[in-house]
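*Asks:* Okay, here's what each chain looks like letter by letter:
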Amino acid sequence: QQPVQSPQAVILREGEDAVINCSSSKALYSVHWYRQKHGEAPVFLMILLKGGEQKGHEKISASFNEKKQQSSLYLTASQLSYSGTYFCGTRWRQAGTALIFGKGTTLSVSS
Amino acid sequence: NAGVTQTPKFRILKIGQSMTLQCTQDMNHNYMYWYRQDPGMGLKLIYYSVGAGITDKGEVPNGYNVSRSTTEDFPLRLELAAPSQTSVYFCASSLQGPGTGELFFGEGSRLTVL
Chain A
1133 QQPVQSPQAV ILREGEDAVI NCSSSKALYS VHWYRQKHGE APVFLMILLK GGEQKGHEKI
1193 SASFNEKKQQ SSLYLTASQL SYSGTYFCGT RWRQAGTALI FGKGTTLSVS S
Chain B
5 NAGVTQTPKF RILKIGQSMT LQCTQDMNHN YMYWYRQDPG MGLKLIYYSV GAGITDKGEV
65 PNGYNVSRST TEDFPLRLEL AAPSQTSVYF CASSLQGPGT GELFFGEGSR LTVL
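Taken in order, these protein sequences are the chains called A and B.
Under the working numbering, the residue at position 100 of the first sequence is numbered 1232, and the numbers go up by one with no gaps.
Under the working numbering, the residue at position 70 of the second sequence is numbered 74, and the numbers go up by one with no gaps.
Everything labelled a hint here was simulated from the structure, so no lab data went into it.
Note that this is a predicted model, so its numbers are computed, not measured.
Please note that the accuracy of each hint is not assured.
To be verified - In the BS3-like style, the derived pairs of lysine-lysine whose C-alpha atoms are separated by at most 30 Å in a straight line are: (1) B:K61 to A:K1182; (2) B:K13 to A:K1158; (3) B:K18 to A:K1200; (4) B:K61 to A:K1199; (5) A:K1235 to B:K61; (6) A:K1182 to B:K13; (7) A:K1169 to B:K61; (8) B:K13 to A:K1199; (9) A:K1235 to A:K1169.
Based on the sequences and whatever the hints tell you, model everything.
*Replies:* Have a look at this one:
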């Protein structure tokens, strides 16, 4: 089943913070985050493996709570370049499964 | 470094026609994937492959076929095109196994079925 992302859309001014959530109904092995600009291919941001790891990418970080089967992406001091659609992808603990993506969260940052 | 290359970038098909979307990668990745993206629906996995000669179904395989005769190429075949197959198709590859490594995406192929 597709992971559920919230919110569907976020509108920010430059310098503001945002949190995007991703939850799954199945036990997860890993959570991936990608960003896609309009008309372009998705670009990898980070992977979080089971174990509650928190990883960072510039001013973007994420956490993974494997007990709750949830991940959150934190965007701090947002920049215009952060605008785009953010997708979480999840891989279940069951072996042999590939990455399944959520519907995405559209982030719009204005000056 | 070309990465993942998809052809064609744009195509218009008539209902009932068939075509093949080509995907090739030059990173020597064993793992390759096909996703389709419809507005507001995210990326849906169609098929994936863990190596030459090995393929498996994803979330939405109906109406599609794949083959993997070489490490580099992973073509996606559409038989009897239907309007529901109008979408943007992305091919991707990864060095590590499904769900464990970064996906490298091609630029996408925009298909319209009329």
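*Asks:* Which hints, by number, does the structure contradict?
*Replies:* 2, 3, 6 and 8
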